[in-house]
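Chains as they are written, first to last, in the working numbering: chain A, 10 to 261; chain B, 662 to 1233.
Please keep in mind that the hints were generated in silico from the structure rather than gathered at the bench. It should be emphasised that the depicted structure is a prediction, and the values quoted were computed from it without experimental measurement. Keep in mind that a hint or two might mislead.
As the list claims (entries may be wrong) - Pairs of lysine-lysine, BS3-like flavour, derived with a Cα cap of 27 Å:
id, chain 1, residue 1, chain 2, residue 2
1, A, Lys44, A, Lys112
2, A, Lys213, B, Lys1168
3, A, Lys79, A, Lys18
4, B, Lys702, A, Lys255
5, A, Lys160, B, Lys739
6, B, Lys739, A, Lys213
7, B, Lys1021, A, Lys255
8, B, Lys999, A, Lys198
9, B, Lys692, A, Lys213
10, B, Lys1112, B, Lys799
11, A, Lys245, A, Lys220
12, B, Lys692, B, Lys702
13, A, Lys112, B, Lys1150
14, A, Lys112, A, Lys19
15, B, Lys739, A, Lys112
16, B, Lys702, B, Lys1179
17, A, Lys38, A, Lys19
18, B, Lys999, A, Lys231
Said to hold, decoys possible - Sample of chain B residues lacking proximity to chain A, with all beta carbon distances greater than 10 Å (derived):
id, residue
19, Arg738
20, Asp959
21, Glu1145
The beta-carbon is built from N, C-alpha and C at its ideal position, and this holds for glycine as well.
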Amino acid sequence: MQIVTLSLKKPNKIPIEADNVNPDNFAGKTEGEIKAIPVWYGNGQCPLGDFFNVSVEGSDSAENTKIVFKGDVSRVKRIGQNMSAGEIEINGNVDMHCGFGMKGGKIVINGDADSWLGCEMMGGEIVLNGNASYYVGSGYRGESCGMRGGKITVNGNTRDYVGEHMCGGEIIVKGNVGLLPAISNNGGKIVIEGNATMPASEMKSGTVIIKGEVSDLLPSYKEEGTEEVEGVIYRKFTGDVNVGGKGVLLIK
Amino acid sequence: MSEMLIKNANVCDPVQGINCETMDICIRDGKIVESVSGSAKIIDAEGRLTMAGGFDGHTHSAGKINVGRFMNPNDARKNLVPGLSGQVARTEKTRAQVGYNTPNTYAIGYRYAKLGYTTICEAAIPLLAARHTHEEFKEIPILDKMGLSLFGSNWQVMEYIRDKEPEKLAAYVSWGLRASRGYGVKIVNPGGGEAWGWGKNVSGLYDPVPNFDVTPAEILMGLAEANERLQLPHSVHVHCNNLGKPGNYATTIETMKLFEKINPSRDRQALHVTHVQFNAYAGTSWRDFETGAPMVADYVNGADHMTFDLGQVIFGPAVTMTADGPVEYANARMLHEKWSNQDIELEDASGVVPLFYSPKSFVNAVQWAIGLELALLVKDPWKVMFTTDSPNGGSFVNYPEAFTYLMSAKRREEVISGFSKMAIDRMVLPGIDRELDFYELAVMTRGIQSKMYSMPEKGNLKVGSDADIAIYDILPGQIDPSTEYAKVKKAFSGAAYTLKDGEVVVKDGEIEATPKGKVYWVNAKVPANIDIAMQKDIDVKFRKYYTVSKSNYMVEDTYLQKPVEIATEGVF
Chain A
10 MQIVTLSLKK PNKIPIEADN VNPDNFAGKT EGEIKAIPVW YGNGQCPLGD FFNVSVEGSD
70 SAENTKIVFK GDVSRVKRIG QNMSAGEIEI NGNVDMHCGF GMKGGKIVIN GDADSWLGCE
130 MMGGEIVLNG NASYYVGSGY RGESCGMRGG KITVNGNTRD YVGEHMCGGE IIVKGNVGLL
190 PAISNNGGKI VIEGNATMPA SEMKSGTVII KGEVSDLLPS YKEEGTEEVE GVIYRKFTGD
250 VNVGGKGVLL IK
Chain B
662 MSEMLIKNAN VCDPVQGINC ETMDICIRDG KIVESVSGSA KIIDAEGRLT MAGGFDGHTH
722 SAGKINVGRF MNPNDARKNL VPGLSGQVAR TEKTRAQVGY NTPNTYAIGY RYAKLGYTTI
782 CEAAIPLLAA RHTHEEFKEI PILDKMGLSL FGSNWQVMEY IRDKEPEKLA AYVSWGLRAS
842 RGYGVKIVNP GGGEAWGWGK NVSGLYDPVP NFDVTPAEIL MGLAEANERL QLPHSVHVHC
902 NNLGKPGNYA TTIETMKLFE KINPSRDRQA LHVTHVQFNA YAGTSWRDFE TGAPMVADYV
962 NGADHMTFDL GQVIFGPAVT MTADGPVEYA NARMLHEKWS NQDIELEDAS GVVPLFYSPK
1022 SFVNAVQWAI GLELALLVKD PWKVMFTTDS PNGGSFVNYP EAFTYLMSAK RREEVISGFS
1082 KMAIDRMVLP GIDRELDFYE LAVMTRGIQS KMYSMPEKGN LKVGSDADIA IYDILPGQID
1142 PSTEYAKVKK AFSGAAYTLK DGEVVVKDGE IEATPKGKVY WVNAKVPANI DIAMQKDIDV
1202 KFRKYYTVSK SNYMVEDTYL QKPVEIATEG VF
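Chain A on its own, in the form it takes in the complex:
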């Protein structure tokens, strides 16, 4: 087991783009080597050691590497980008694009996450013990496929466009979501335990379960009886007929 602890020296205003900060890149490296990893800071590159105190315990492969963030990393973007194994624990709020393109491993965030959490992720797991902002598990501008695999659990609320263009994987939100969750999705499963507004517009396929209140259910859905999931009976809707969709929307 290798444990790397990164504690922010002082809060930064200009964002740090930590796209090199993941277990794949840290595994087997010494404190000095990790400190020297370059990250973008504004329009220039600086070594990671300029911003973080780094301590390393042990040395192991990516699967057995854990990165622990201490301090307020709410201006550090792209943590865990493209990671394929290992674990990242963030104790505080985190900036945008956390877990983008993630293929495996696990990210635990004990705080809030900004927009684009787990975008286009293909595997692995993200657990957010706080609230998320816009576009959880969605695709970037112009993409027809957002999240393709893996699992995101949000133990708080999220804002708009959860799972936009999602093609696979699973998103669970324990709290409420904003406008248009599951917009244009084409696969995968989204479970919302709280309330939602205008869910699943332009859904082609996939499953959306909403356990709380639904506002402004779209008229482009056909009601087709009921379906029981884990002992609870839901009204079953299919659509979105506007796009010839065969998605399933289950609501109370």
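Given the coordinates of chain A, assemble chain B onto it according to the supplied hints.
Here is chain B on its own, set in the frame of chain A:
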């Protein structure tokens, strides 16, 4: 005075009939000359393959491509051909680059230069939107540029043809070229753009255009006659009716036959048919779709009045962009894709739809084969221009990959082995063993362009020509392209040297310098009395219909960077 001597170049220059002969090339002040003084700078080519700078005679690189850019912001991230696509940070010599099918303007210049290309011809300039095209030209570094202006669904053109006023029609074409600073006449789905304004299309050469009482055949003949009357350097450049429809090969051959009676006014073809791959489909629907290339190639082999280009398909993402509005609507509906549609007022329509060519789709596999079949079944390479109709069939950065398909039967077999049996049954490519050599490749990528655009100073290494030269890391005698295709692809992907007007712009596949390129346009002279009569007619159009005034319509000199005016004299 700057002088340069390229020593030990293994020159392949079909315009002069030189087939891989070792010689020296002398350059003075951007031109190729007989000899240079002893103080000339020397480049030792060390026996490597040397050709004139490549010339892409049909590409969508300025204008509509911008619609493609904002429809596909995700394209900026695509990096399918490392080194020639994706996001590249700026350097001391180059600006930042993004994209694959729709790269930013700077990337277009750098990447063509890396492939050894030095001239491009934008395939479609709507007259009304010509300023935008020229604004993009200005920001494409290194390359010389020119563009073809759209006339195929233009109200004034159709009225003059209906009213049998060939002289005024010629005057209008001349004015249109001047207004848009275009190089030649492009006709896209003649009449179809106007029909699309009514939600319709024309179904063939003799289907009248709504409200104009002219047929596509009459539009083609009228414009061809005007083209020859003005003695334009290029023939009409035709995108046939029924593009992308199974069974359309018949319309294509019919269109080619129509031009047998046109006498070219210059030493060039009477007709250029573009991206024929999209127009060489047999069958009656997508279910029984199959190649129509053998029939088209058969006709072309017996014809000597025309040239064509391929529109080769490259597997992967592409962006279709054309003035053929109804085709793009059909694409978007069939593929459930994003769709952009544009109305060019009195002139034409246009559309943009991204798509994905997959080797697993039997239709896409057959499309891929048709392009190669056309190139290989037509015996005379002087009739065939190589294009992918970039980015309609695929991005130009894939040219080196496509060259390996043309040069190696083994490489083709490799690709075909991944196709379904149904796809293989619908193509004739597996039975073709012809492999192009460097000479034939040079014809299709340089030589034919020099002739078909009447540009004696381009696409060859004659004394007096522009010193646009590409040296590739290939020793022609010591390589077998049919087996060593990986080496061929690598060499064509990054020229050892690209020279533009005698200046080294690429060295070892990296950009060395980014000079500004020239813009060619054609000024065809028309007698004053005919011009005045024609202007009266278009004044009415501007007053009654256009959203802009005539004075704001013309592309002014300030839009042109290093303009080169080609003057011709109309015969009236």
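These are the hints, each one checked on the structure:
{"no.": "1", "hint": "A:Lys44 / A:Lys112", "verdict": "holds, 25 Å"}
{"no.": "2", "hint": "A:Lys213 / B:Lys1168", "verdict": "violated, 50 Å"}
{"no.": "3", "hint": "A:Lys79 / A:Lys18", "verdict": "holds, 10 Å"}
{"no.": "4", "hint": "B:Lys702 / A:Lys255", "verdict": "violated, 69 Å"}
{"no.": "5", "hint": "A:Lys160 / B:Lys739", "verdict": "holds, 25 Å"}
{"no.": "6", "hint": "B:Lys739 / A:Lys213", "verdict": "holds, 25 Å"}
{"no.": "7", "hint": "B:Lys1021 / A:Lys255", "verdict": "holds, 24 Å"}
{"no.": "8", "hint": "B:Lys999 / A:Lys198", "verdict": "holds, 25 Å"}
{"no.": "9", "hint": "B:Lys692 / A:Lys213", "verdict": "violated, 60 Å"}
{"no.": "10", "hint": "B:Lys1112 / B:Lys799", "verdict": "holds, 26 Å"}
{"no.": "11", "hint": "A:Lys245 / A:Lys220", "verdict": "holds, 12 Å"}
{"no.": "12", "hint": "B:Lys692 / B:Lys702", "verdict": "holds, 14 Å"}
{"no.": "13", "hint": "A:Lys112 / B:Lys1150", "verdict": "violated, 32 Å"}
{"no.": "14", "hint": "A:Lys112 / A:Lys19", "verdict": "violated, 31 Å"}
{"no.": "15", "hint": "B:Lys739 / A:Lys112", "verdict": "holds, 19 Å"}
{"no.": "16", "hint": "B:Lys702 / B:Lys1179", "verdict": "holds, 24 Å"}
{"no.": "17", "hint": "A:Lys38 / A:Lys19", "verdict": "holds, 24 Å"}
{"no.": "18", "hint": "B:Lys999 / A:Lys231", "verdict": "holds, 25 Å"}
{"no.": "19", "hint": "Arg738", "verdict": "violated, 7 Å"}
{"no.": "20", "hint": "Asp959", "verdict": "holds, 40 Å"}
{"no.": "21", "hint": "Glu1145", "verdict": "holds, 35 Å"}
Checked against the numbered hints above, the structure violates hints 2, 4, 9, 13, 14, 19; every other hint is satisfied.
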